[in-house]
Amino acid sequence: MSGETINLTLRVWRQDGPDSQGGFENYQLNGVSTHMSFLEMLDVLNEQLIESGQESVAFDHDCREGICGTCSLMINGQAHGPDKATTTCQLHMRRFNDGDTVTIEPWRATAFPVLKDLVVDRGAFDRIISAGGYVSVNTGNAPDGNAIPIAGAKQEVAMDAAACIGCGACVAACKNASAMLFVSAKVSQLAILPQGQLERSERVISMVSQMDDEGFGSCTNTSECEAACPAEVSVTNIARLNREFLRASLCGRE
Amino acid sequence: MDALCRICCIPAELLVKVPGLRPVIRMCCTSVGQKVLMALTGLALCGFLVTHLSGNLLLFAGEEAFNAYAEKLHSMGALLKAAEVGLLATFLAHLGLAISTTAMSRRARSKQYAQNESKQEAFAIPNGGASNWMLLTGLGIGAFLVLHLVDLKFQVRPDLVYPSASQDGTNNAYAKVKLVLSSPVSFVAYGVALILLGIHLSHGVRSALQSLGVSHPKWNKLIEIGSMVFAWAIALGFICVLGWVVLNS
Numbered sequence: 001m002s003g004e005t006i007n008l009t010l011r012v013w014r015q016d017g018p019d020s021q022g023g024f025e026n027y028q029l030n031g032v033s034t035h036m037s038f039l040e041m042l043d044v045l046n047e048q049l050i051e052s053g054q055e056s057v058a059f060d061h062d063c064r065e066g067i068c069g070t071c072s073l074m075i076n077g078q079a080h081g082p083d084k085a086t087t088t089c090q091l092h093m094r095r096f097n098d099g100d101t102v103t104i105e106p107w108r109a110t111a112f113p114v115l116k117d118l119v120v121d122r123g124a125f126d127r128i129i130s131a132g133g134y135v136s137v138n139t140g141n142a143p144d145g146n147a148i149p150i151a152g153a154k155q156e157v158a159m160d161a162a163a164c165i166g167c168g169a170c171v172a173a174c175k176n177a178s179a180m181l182f183v184s185a186k187v188s189q190l191a192i193l194p195q196g197q198l199e200r201s202e203r204v205i206s207m208v209s210q211m212d213d214e215g216f217g218s219c220t221n222t223s224e225c226e227a228a229c230p231a232e233v234s235v236t237n238i239a240r241l242n243r244e245f246l247r248a249s250l251c252g253r254e
Numbered sequence: 001m002d003a004l005c006r007i008c009c010i011p012a013e014l015l016v017k018v019p020g021l022r023p024v025i026r027m028c029c030t031s032v033g034q035k036v037l038m039a040l041t042g043l044a045l046c047g048f049l050v051t052h053l054s055g056n057l058l059l060f061a062g063e064e065a066f067n068a069y070a071e072k073l074h075s076m077g078a079l080l081k082a083a084e085v086g087l088l089a090t091f092l093a094h095l096g097l098a099i100s101t102t103a104m105s106r107r108a109r110s111k112q113y114a115q116n117e118s119k120q121e122a123f124a125i126p127n128g129g130a131s132n133w134m135l136l137t138g139l140g141i142g143a144f145l146v147l148h149l150v151d152l153k154f155q156v157r158p159d160l161v162y163p164s165a166s167q168d169g170t171n172n173a174y175a176k177v178k179l180v181l182s183s184p185v186s187f188v189a190y191g192v193a194l195i196l197l198g199i200h201l202s203h204g205v206r207s208a209l210q211s212l213g214v215s216h217p218k219w220n221k222l223i224e225i226g227s228m229v230f231a232w233a234i235a236l237g238f239i240c241v242l243g244w245v246v247l248n249s
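Residue numbers (the numbering used here), protein chains in the order written: chain A, 1 to 254; chain B, 1 to 249.
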C-alpha cells in the first residue's frame with residue numbers, strides 16, 4: 001500500500017443526454033484516501049463539483065457490495081477497473097498511484113445507449129430476460145423446496161451460471177459488444193435444472209432472437225468476457241448455449 | 001448476416017415449404033446459427049487442407065509418385081468437378097458469413113473506447129490474440145488462393161513458361177510445381193499466406209468447436225492444445241513442402 005492519500009487527474013466522459021455529442025472533461029482530485037472505494041472517490045468528486053457550482057457526474061450504483069450489478073464504468077480501458085472478479089464498487093483507490101490519470105468511460109455498445117455521463121440504459125438485458133429467462137409456475141402453492149431431487153454437482157454448475165449479476169461487463173469488454181456470456185449464463189442456469197426443462201427449447205430460441213434484435217454483436221470466442229466478468233462466469237456456458245440452441249432449432253417443437 | 005439473410009429470405013416463403021429446410025433457414029437468420037455455419041464450413045475447409053497436404057507430401061516421394069497421384073486425381077473427372085464446386089461454395093459461404101457477422105459486430109459498437117485494455121493474461125502484446133485477426137488473415141488467405149489458382153489450377157501466370165503436356169497426354173505436375181515455386185513472387189506470397197493460415201487456424205479450429213458446443217472442463221485443455229497443434233502442423237507441413245521444393249530446384 002502506498003501513502004494514505006493520493007492526488008489524481010480524472011478524465012471523465014460527460015454527456016448531457018442520449019442524443020448529445022459528449023466528450024472528456026479533466027478534473028483534478030487531491031487528497032483521495034487510498035481506503036476509499038472507487039465510487040466513494042466519485043462521490044468526493046461530485047461534492048467538489050457541486051461546491052464549485054458545476055453539475056455532478058451521473059453514474060450508476062446501488063448496493064455497493066458487489067452483488068446487485070448496477071455499477072459499471074470502463075476504468076482505464078477495463079470493465080470494472082484493473083482487478084479480476086471485482087465490481088467497480090469493490091475496487092479500492094489503493095490500486096492507483098499518486099499522480100495517476102484515470103480515464104472513466106461508460107459501457108459502449110449500441111444496445112446500451114448512454115443516458116447521461118456514465119449511465120447507460122441496460123434495458124436490453126431486461127428484455128432478453130422477459131423473452132424467456134424464467135420458469136412459469138402457473139398454479140398452486142409454492143412447491144416444497146426439496147420436492148425435486150437435484151444432484152449436488154448439477155446444483156453447483158447451475159449456481160456458477162446463476163452467479164451472473166447482469167452488470168453488462170461482458171458486453172462492455174467484448175470487442176464485438178456481444179451479450180453471449182450474459183445470455184448463456186441465464187439459459188444455462190435453467191437448462192441444467194429440472195424446473196427449467198418445460199420451457200427449455202422455447203427459452204433459448206426466444207432469448208437468442210431477442211439478443212439479436214437488441215443489436216448485440218456476434219461471439220468470436222475471444223474469452224475477453226470471461227476475463228472481465230466480476231462473477232467469474234465461464235465461457236463454458238457459451239458452448240452450452242450453442243448446444244441448447246442447436247438442439248432446440250433442430251429437434252425442438254415448431 | 002443481414003445481406004445474406006435478405007438474399008436468403010426473399011424466397012424464404014417458398015424455401016420453408018421444402019421439408020427440413022425451415023428449421024435450418026430460421027437458424028441461419030440468427031447470430032448463433034451463423035456462427036454454427038461458420039464453424040461447419042471452417043471445419044470442412046480444414047478437412048480439405050488435410051487432403052491437400054497429404055497429396056503435397058507426395059512431393060517428398062519423388063516425381064513419379066507425385067505425377068501418378070496427380071494423374072489419378074484428374075482422372076476422376078465429374079467427381080473432381082463436383083468436389084471443386086462444393087469446395088468453392090464452402091469457401092464463399094465461410095467468407096460471406098465472416099463479412100456478415102463482422103458487420104453485425106461493427107454495428108454493435110458504433111462508438112469505440114478512448115482507451116481499451118485486455119484483462120486476459122495470455123496476451124503479451126496489445127490485440128495479441130489470433131481472434132482479433134481472423135478477418136484480415138482470412139482475407140489474406142483468400143487473396144493467396146486467387147494467386148494459387150492462377151498459378152497451378154488455370155496455369156495462366158504471364159511471367160512463367162509452363163511445360164507442355166507430353167506425347168501420351170500426361171501432365172508433368174511435379175515440374176509445374178517446381179516452376180511456380182521457383183518464382184520469387186510465388187515463394188514469398190506462399191510463405192506469408194501459410195503463416196497467415198497458421199494464425200487463422202490457431203484460433204479458428206478451437207473457436208469452431210466452441211461454436212458447435214464442444215466443450216467440457218475435462219477436455220477443454222486437450223481441445224485447446226490439439227487445435228493449436230493441428231493448426232501449426234498444417235501450416236508447417238505446407239511450409240516444409242515449399243522449402244523442400246525450392247531447395248531442390
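Because the hints were derived from the structure by calculation, they are not lab data.
Incorrect hints may have been included.
[Said to hold, decoys possible] A few chain B residues that face chain A, going by a derived Cβ cut-off under 7 Å, partial list only:
#, residue
1, Asn-67
2, Ile-99
3, Ser-105
4, Arg-109
5, Tyr-113
6, Gln-115
7, Gln-120
8, Pro-184
9, Ser-207
10, Ser-211
11, Gly-213
12, Ser-215
13, Lys-218
[To be verified] Simulated crosslink set (PhoX-like; lysine-lysine; CA at most 20 Å straight-line):
#, chain 1, residue 1, chain 2, residue 2
14, B, Lys-111, B, Lys-81
15, A, Lys-154, B, Lys-218
16, B, Lys-72, B, Lys-153
17, B, Lys-178, B, Lys-81
18, B, Lys-178, B, Lys-218
19, A, Lys-84, A, Lys-154
20, B, Lys-111, A, Lys-175
21, B, Lys-72, B, Lys-221
22, A, Lys-116, B, Lys-72
Note that CB positions come from ideal geometry on N, CA and C, so glycine has one too.
A quick look at each hint next to the structure:
For Asn-67/B, the shortest C-beta to C-beta distance to chain A is roughly 42 Å, which exceeds 7 Å, and the interface hint is violated. For the restraint placing Ile-99/B at the interface with chain A, the shortest Cβ-Cβ distance is roughly 12 Å, beyond the 7 Å limit, so the hint is violated. The beta carbon of Ser-105/B is positioned within 7 Å of a beta carbon in chain A (closest approach about 3 Å), and the interface hint is therefore held. Restraint check, Arg-109/B versus chain A: the minimum CB separation of about 4 Å is within 7 Å; hint holds.
Given hint, Tyr-113/B at the interface with chain A, holds; its Cβ is 6 Å from that chain's nearest Cβ, closer than 7 Å. For the restraint placing Gln-115/B at the interface with chain A, the shortest Cβ-Cβ distance is roughly 4 Å, inside the 7 Å limit, so the hint holds. The interface hint given for Gln-120/B is met, as the beta carbon of that residue sits about 5 Å from the closest beta carbon of chain A, less than 7 Å. Hint status for Pro-184/B: violated, given a least beta-carbon distance of 35 Å to chain A, over 7 Å.
For Ser-207/B, the interface hint holds, since its Cβ comes within 7 Å of a Cβ in chain A; the closest pair sits about 4 Å apart. Below 7 Å, beta-carbon pairs count as interface contacts, and Ser-211/B has one with chain A at about 6 Å; its hint therefore holds. Restraint check, Gly-213/B versus chain A: the minimum CB separation of about 3 Å is within 7 Å; hint holds. Below 7 Å, beta-carbon pairs count as interface contacts, and Ser-215/B has one with chain A at about 3 Å; its hint therefore holds.
Taken as an interface hint, Lys-218/B does not check out: its beta carbon lies about 11 Å from the nearest beta carbon of chain A, beyond 7 Å. Proximity of Lys-111/B to Lys-81/B is assessed by CA-CA distance (about 47 Å); at most 20 Å being required, the pair is judged violated. For the proposed pair Lys-154/A and Lys-218/B, the alpha carbon gap of about 16 Å is at most 20 Å, so the pair holds. Taken as a hint, the Lys-72/B and Lys-153/B pair is honoured in the structure, with Cα atoms around 16 Å apart against an allowance of 20 Å.
For the hint linking Lys-178/B to Lys-81/B, the alpha-carbon distance of about 25 Å lies beyond 20 Å, and the restraint is violated. For the suggested pair Lys-178/B and Lys-218/B, the alpha carbons sit about 46 Å apart, so the restraint of at most 20 Å is broken. With a C-alpha separation of about 26 Å, the suggested pair Lys-84/A and Lys-154/A falls outside the 20 Å cut-off, and the hint is violated. The hinted pair formed by Lys-111/B and Lys-175/A meets the criterion: a straight-line CA distance of about 11 Å does not exceed 20 Å.
A hinted pair counts as satisfied when its Cα atoms are at most 20 Å apart, and Lys-72/B with Lys-221/B does not qualify at roughly 40 Å. Taking the CA atoms of Lys-116/A and Lys-72/B, the gap is near 69 Å; set against the 20 Å cutoff, the hint is violated.
The structure fails hints 1, 2, 8, 13, 14, 17, 18, 19, 21 and 22 (numbered hints given earlier, in ascending order).
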